[in-house]
Amino acid sequence: MTFDLPAILTPIDGLDVRYDEPMAPRTTYKVGGTAAAFVEARDEGALRELLQALDRGGVPSIVMGNGSNVLFADAGFSGVVIHLGQGFSGVSCVRDVHGPGHHRLEIGGAVSITKLLRATKELEIAGVEFLGGVPGTIGGAIRMNAGTVMGEVKDSLESARIVTPDGEARWMTVDELSLSYRRSELPRGSVVVAARFQARDADPEMRDRLAEVLAYRKSTQPLQYPSCGSVFANPEGDHAGRLIEASGLKGHRIGDAQVSEMHANWIINLGEATASHVRDLIDLCVRVVDERHGVRLRHEVKLLGDWNGGAS
Numbered sequence: 001m002t003f004d005l006p007a008i009l010t011p012i013d014g015l016d017v018r019y020d021e022p023m024a025p026r027t028t029y030k031v032g033g034t035a036a037a038f039v040e041a042r043d044e045g046a047l048r049e050l051l052q053a054l055d056r057g058g059v060p061s062i063v064m065g066n067g068s069n070v071l072f073a074d075a076g077f078s079g080v081v082i083h084l085g086q087g088f089s090g091v092s093c094v095r096d097v098h099g100p101g102h103h104r105l106e107i108g109g110a111v112s113i114t115k116l117l118r119a120t121k122e123l124e125i126a127g128v129e130f131l132g133g134v135p136g137t138i139g140g141a142i143r144m145n146a147g148t149v150m151g152e153v154k155d156s157l158e159s160a161r162i163v164t165p166d167g168e169a170r171w172m173t174v175d176e177l178s179l180s181y182r183r184s185e186l187p188r189g190s191v192v193v194a195a196r197f198q199a200r201d202a203d204p205e206m207r208d209r210l211a212e213v214l215a216y217r218k219s220t221q222p223l224q225y226p227s228c229g230s231v232f233a234n235p236e237g238d239h240a241g242r243l244i245e246a247s248g249l250k251g252h253r254i255g256d257a258q259v260s261e262m263h264a265n266w267i268i269n270l271g272e273a274t275a276s277h278v279r280d281l282i283d284l285c286v287r288v289v290d291e292r293h294g295v296r297l298r299h300e301v302k303l304l305g306d307w308n309g310g311a312s
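Residue numbers (the numbering used here): 1 to 312.
To be clear, the hints were calculated from the coordinates, so they are not data collected in a lab.
A couple of the hints might just be wrong.
The list that follows gives simulated cross-link-like pairs (lysine to aspartate or glutamate, DMTMM-like), each with its CA atoms no further than 25 Å apart [what the hints assert, rightly or not]:
hint: 1; residue 1: Lys-115; residue 2: Asp-43
hint: 2; residue 1: Lys-115; residue 2: Glu-300
hint: 3; residue 1: Lys-115; residue 2: Glu-205
hint: 4; residue 1: Lys-154; residue 2: Glu-205
hint: 5; residue 1: Lys-30; residue 2: Glu-49
hint: 6; residue 1: Lys-302; residue 2: Asp-290
hint: 7; residue 1: Lys-218; residue 2: Asp-238
hint: 8; residue 1: Lys-302; residue 2: Asp-283
hint: 9; residue 1: Lys-30; residue 2: Asp-280
hint: 10; residue 1: Lys-154; residue 2: Glu-176
hint: 11; residue 1: Lys-154; residue 2: Asp-96
hint: 12; residue 1: Lys-30; residue 2: Glu-300
hint: 13; residue 1: Lys-302; residue 2: Glu-272
hint: 14; residue 1: Lys-154; residue 2: Glu-185
hint: 15; residue 1: Lys-154; residue 2: Asp-238
Whenever a hint applies, use it, and build me the whole structure from the sequences.
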């Protein structure tokens with residue numbers, strides 16, 4: 001189905017619209033086709049109006065931050081890719097809100113983890129350093145309850161502000177989000193536009209621990225290649241990378257997509273991979289690990305766009 005997107009989008013103020021936008025440069029995998037429209041909403045008012053208009057028109061839409069945990073289909077997407085603009089990029093601290101030395105971080109949904117950690121260092125506060133090394137934005141981190149060996153989002157998140165497809169904006173507490181391992185219970189089609197995290201005075205020992213974790217990740221992960229980071233969630237009591245390696249798939253290639261020889265839970269783009277190559281390799285890992293170990297791996301990477309003729 002095709003839509004008269006200019007007729008829907010042009011009347012809305014506060015949008016920056018690009019039609020037939022190539023998506024590969026906007027993802028960390030560097031694969032995928034074009035989107036019928038790539039729309040950046042400058043502020044919450046524009047986003048609310050956009051979501052309402054798309055909902056009324058039955059136009060499929062997907063939200064994408066910096067494209068770090070997604071696999072965009074080679075066939076592209078016949079709908080609208082929504083991106084949060086400058087109005088969602090703030091970081092501020094309300095000091096001593098929970099008592100002396102206990103603060104609240106207020107963060108826009110479009111803020112990258114790298115920018116957030118830089119800001120907290122300048123503010124001399126701690127509380128989100130567990131996200132060190134996680135690619136992406138705070139909105140995406142909340143959606144998947146991102147984390148590392150140092151912790152995860154649910155450990156310090158207070159609440160998240162969302163906008164739903166009908167244009168309603170509201171705050172949800174961390175309990176209402178029902179965060180679990182790499183999952184959340186956000187309302188379908190909602191967009192995370194802001195968040196509040198608990199914070200505290202900076203701890204030099206924690207900074208040293210973060211530096212150690214980042215150095216270890218750099219030495220054990222193939223950061224020089226396009227990828228989405230870890231592809232699979234770790235099954236309870238085990239590690240996806242160990243299971244994939246034990247299945248004889250470390251280094252296996254389909255086209256230019258490869259199970260990394262450095263870390264088997266990473267599937268990398270050696271240069272000319274397609275999204276289909278990556279997905280086929282994901283499916284192969286799931287099938288072989290299930291056959292040999294009886295464990296069904298769940299991929300963390302989100303499939304976006306038109307796969308097999310339908311929107312994901």
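Query - Ascending list of hint numbers which this structure does not respect - result: 5
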